[in-house]
Each structure stands twice: as C-alpha cells, then as structure tokens.
Amino acid sequence: MTTTTKPLFSTFTHSVGANAAGHTLTAKLRAIVRAGYDAVEIFQDDLDAFASSAEFQAIYEASTPPESPTYAHRSLQKSGADDDQGKDMVTAAHKPSTEAKTAWNAHGPCTPTEVAREMAAASYIAGLCSVLGLKVLTLQPLRDYEGWVDEADRDAAMMRATSRFPVMRALGTDLMIVCSNNVGAPKTTGDPAKLALDLAALADEAARYDAASPYYRTQPIRIAYEALSWGAHVDVWRQAYRVVELADRRNVGICFDSFNTLGREYADPCSPSGIQQPEDAALARVEASIRDIARTVRGDKVFFLQVGDARKLPSPLAPSPNADEPRPARMIWSRGNRLYPGELDRGGFMPVTHFVRAVLQTGYKGPWSIEVFNSSLNDEGDTVVDEHARRGHVGLSWLAKQVL
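Its first residue numbered 1, the sequence shown is counted upward by one per residue in full-length UniProt numbering.
Any given hint might turn out to be false.
[To be verified] In silico DSS-like pairs for lysine-lysine, Cα to Cα no more than 27 Å straight-line:
#, residue 1, residue 2
1, 401, 135
2, 6, 135
3, 301, 6
4, 301, 135
5, 301, 401
6, 194, 365
7, 135, 312
8, 301, 365
9, 312, 401
10, 6, 365
11, 401, 365
12, 187, 101
13, 6, 401
[Stated by the list, open to error] Now the in silico label distances, taken between C-beta atoms and shown as ranges:
#, residue 1, residue 2, range
14, 191, 62, 47 to 55 Å
15, 315, 248, 43 to 51 Å
16, 326, 153, 14 to 22 Å
Rather than coming from a laboratory, the hints here were simulated on the basis of the structure.
All C-beta atoms in this analysis are idealised placements derived from N, C-alpha and C, irrespective of residue type, glycine included.
Sequences and hints are given; from them, build the entire structure.
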C-alpha cells in the first residue's frame with residue numbers, strides 16, 4: 001500500500017447522464033454534488049450542448065450569473081478580459097451570427113461568435129462549480145491530435161488544440177487530456193518519435209500561452225496523453241508512456257484509464273467469452289503489464305487516473321473495422337457497456353483493483369475519476385442522473401476500501 005489518504009473523488013459529466021437524453025450539464029453538476037463528489041471532468045460535448053441551449057440563452061437574457069453576483073466580473077478578470085471585453089462577450093454569445101468561420105474550437109473552424117459563446121458558457125459553469133464546491137479537473141477529450149502526415153492536417157490539429165487553452169482557463173482547469181488518434185495510415189503515422197514531437201509542440205504552445213499571463217504561471221497547462229483501446233497506432237499504455245518519455249516536457253504526462261488498458265490487454269468483445277484466448281495466457285499477460293506500471297512508470301509523469309469496469313456482451317462482435325462497420329469493435333463495446341468499479345453483480349469482470357494498486361505504487365496521489373459510457377445513460381427521466389452519480393460514488397468508495 002502506498003497511501004492511506006482518501007483521494008479526491010471525481011466523475012466525468014457524461015458518466016451520470018447523456019445530454020442527448022435531456023440531461024443538462026447544470027443538472028448533472030448538481031447531482032454530482034448531491035452524490036458526494038469532490039471534483040468533476042467536463043465533457044466537451046456537454047459544454048457544447050450547454051453553450052447552444054435555451055437554458056444558457058435565458059441566462060444571458062436575464063443577465064443572471066450563477067448564484068454569486070460578483071462571479072462574472074471575477075472570472076473575466078482571471079481570463080484576462082476587461083469589462084468592455086466582457087460585455088462584448090456576453091452580447092456576442094446570444095446574437096445571431098452570419099460571420100465567416102475565421103476562428104477555431106475543439107471541432108475545427110468556427111465563427112468568432114461561437115468562440116465567445118463557448119467562453120461565456122465556460123465562465124458560467126466555472127462559477128456554478130465554485131458555488132457548488134466542485135473542483136474542475138479537466139475539459140476532455142481532445143481527439144485525433146497527434147501523428148498527422150500532411151502539414152495542413154497537423155496545423156489544423158494544433159489550432160483545435162490551442163483553442164482549448166482559454167476555455168480551460170475560463171473553466172478553472174489546467175489539465176488537457178489528449179486521446180490517441182483514431183485515424184489510421186496513410187493519413188497518420190505511428191512513429192513514436194513523430195508523435196512525441198507533436199506532443200512536445202503542443203506542450204510548448206501551452207507554455208507560451210501561460211507565459212503571457214502571470215496569473216497562470218504557478219498553475220501551468222499540462223498535457224495528459226491517453227492510449228485509447230481502439231487507437232489507430234497507440235492502444236496500450238506502454239506506447240503512450242514511450243511517447244511521453246520521448247516528448248521530454250515537464251508538462252507532458254500520461255493518463256491511465258482502467259477500461260482502456262484492461263479492455264485492450266485482457267478483454268476482447270469479439271471473443272465468445274469476452275476475454276482474449278487462451279484466457280490463462282491473457283490473464284498472465286495483463287498481470288505482467290500491470291506489474292510493469294508500478295515498476296517502470298514515474299509517479300510524477302502520471303497526470304490523471306480514470307476508473308471503470310465493463311460487462312461482457314451477450315454475443316461477440318464481428319471484428320471491425322470492416323466493410324460494413326467502420327467503427328472499431330472495442331469502440332462499439334466501450335460506448336454502451338462500461339460499468340462503475342465494484343459492479344460485479346452487473347457483470348464487471350476486469351482486474352480493476354490490481355490496475356489501480358499498480359498506478360498508486362508509482363507514487364500517484366491525484367484524483368480518481370469515473371469514466372463510464374453505458375447505454376443506460378441515454379435513459380430519460382428525473383432519476384437517471386442521481387442514480388448514476390450515486391452508483392459512481394459507491395464504486396469509488398468500494399475501490400478505496402479494496403486498495404487503500
């Protein structure tokens with residue numbers, strides 16, 4: 001055991017309810033507090049939905065900041081905006097726009113009005129989290145950033161990535177999670193040296209952004225690189241950590257995710273048993289990999305820990321991508337079948353406790369955050385968000401009892 005101190009408990013906002021089912025970001029944040037969490041990861045899609053919602057439109061039309069009447073001024077000052085800029089931001093956030101797409105957001109080119117609206121929405125959410133007592137840990141994910149072969153694609157990826165810096169600051173977070181690229185060759189490369197150069201370039205841009213604002217020099221933007229279990233080139237933690245080492249930047253580290261590690265190195269949604277064959281060999285391999293985390297990874301390079309289990313499918317998926325299904329099989333499985341830690345009665349089967357122990361043995365002392373995607377998050381109704389928030393917190397408490 002490496003620690004007996006309870007970590008900050010966090011959850012990803014999608015992991016308590018899907019915005020597509022009508023579960024709003026503000027409602028989810030309040031449910032997260034009611035369930036007892038200390039912190040939160042803001043889902044980029046949730047922020048997008050809030051920024052374009054009638055709820056947010058009404059907030060601006062009523063000029064109502066979140067509970068604290070001094071928040072808007074304070075948040076604008078922290079983001080470097082003066083009062084006139086703040087008024088312009090508020091006005092732009094809800095006026096009709098016919099502008100050209102001369103700016104960038106997480107998804108690509110957008111209008112300056114869309115940027116202003118997202119910034120205003122982020123500032124509001126930061127204020128609400130402050131009032132609720134929630135620490136915002138990250139805005140995530142940044143998708144498909146590294147490894148582009150064409151210079152224009154690399155430049156576009158950098159523009160998308162750097163557009164997150166002011167939004168992160170408006171939210172009050174310093175951590176960006178970069179998921180391994182899902183676009184394969186020939187458009188992208190898996191050369192670790194080239195991937196590392198891309199991460200180093202982003203880290204350097206973050207440092208330059210921070211240097212322009214003295215307020216943030218004590219809390220520099222950090223880049224956490226995560227291996228998705230269906231990544232085109234990087235799909236296991238060893239590959240991600242190698243890229244982090246090669247990037248050789250103080251503000252670049254790794255994000256460990258129990259589902260993405262165990263779902264790639266132990267489970268197989270295309271296998272009838274849900275486990276790689278032969279099962280004994282699969283278990284031996286994943287246990288060796290878990291031991292290597294504790295043995296080889298520097299604790300100061302572990303920037304974040306996400307936890308979750310999964311259930312097996314009732315019948316195996318066909319291997320994909322293929323001619324009929326462009327999505328990787330593990331992505332399909334992931335989107336509807338993750339579980340909270342300890343939900344063995346619901347079918348959880350992966351060695352999550354062993355994985356978390358190994359991460360703690362590196363010296364990591366940061367938050368534990370739920371990241372779950374499940375079809376039940378798309379259910380409608382007033383009880384969905386509270387029930388999923390409760391399940392996640394129960395899972396973290398169970399996990400703490402197992403490993404601390």
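Evaluation of the provided hints:
1. 401 x 135: This hinted pair holds, its Cα atoms lying about 23 Å apart.
2. 6 x 135: Holds, at roughly 16 Å.
3. 301 x 6: 21 Å, holds
4. 301 x 135: Holds, because 21 Å separates the two Cα atoms, which is no more than 27 Å.
5. 301 x 401: 25 Å, holds
6. 194 x 365: It is violated: about 30 Å lies between the C-alpha atoms, which goes past 27 Å.
7. 135 x 312: Given pair residue 135, residue 312 is violated - Cα atoms ~33 Å apart, limit 27 Å.
8. 301 x 365: Since the Cα atoms of residue 301 and residue 365 sit roughly 11 Å apart, the hinted pair holds (cutoff 27 Å).
9. 312 x 401: 25 Å, holds
10. 6 x 365: 9 Å, holds
11. 401 x 365: 16 Å, holds
12. 187 x 101: 24 Å, holds
13. 6 x 401: Holds: residue 6 and residue 401 sit about 10 Å apart, inside 27 Å.
14. 191 x 62: 47 to 55 Å: With a Cβ separation near 53 Å, residue 191 and residue 62 satisfy 47 to 55 Å, so the hint holds.
15. 315 x 248: 43 to 51 Å: 46 Å, holds
16. 326 x 153: 14 to 22 Å: Taking Cβ atoms as reference, residue 326 and residue 153 lie about 19 Å apart, which means the hint holds.
In summary, the numbered hints that this structure violates are 6, 7.
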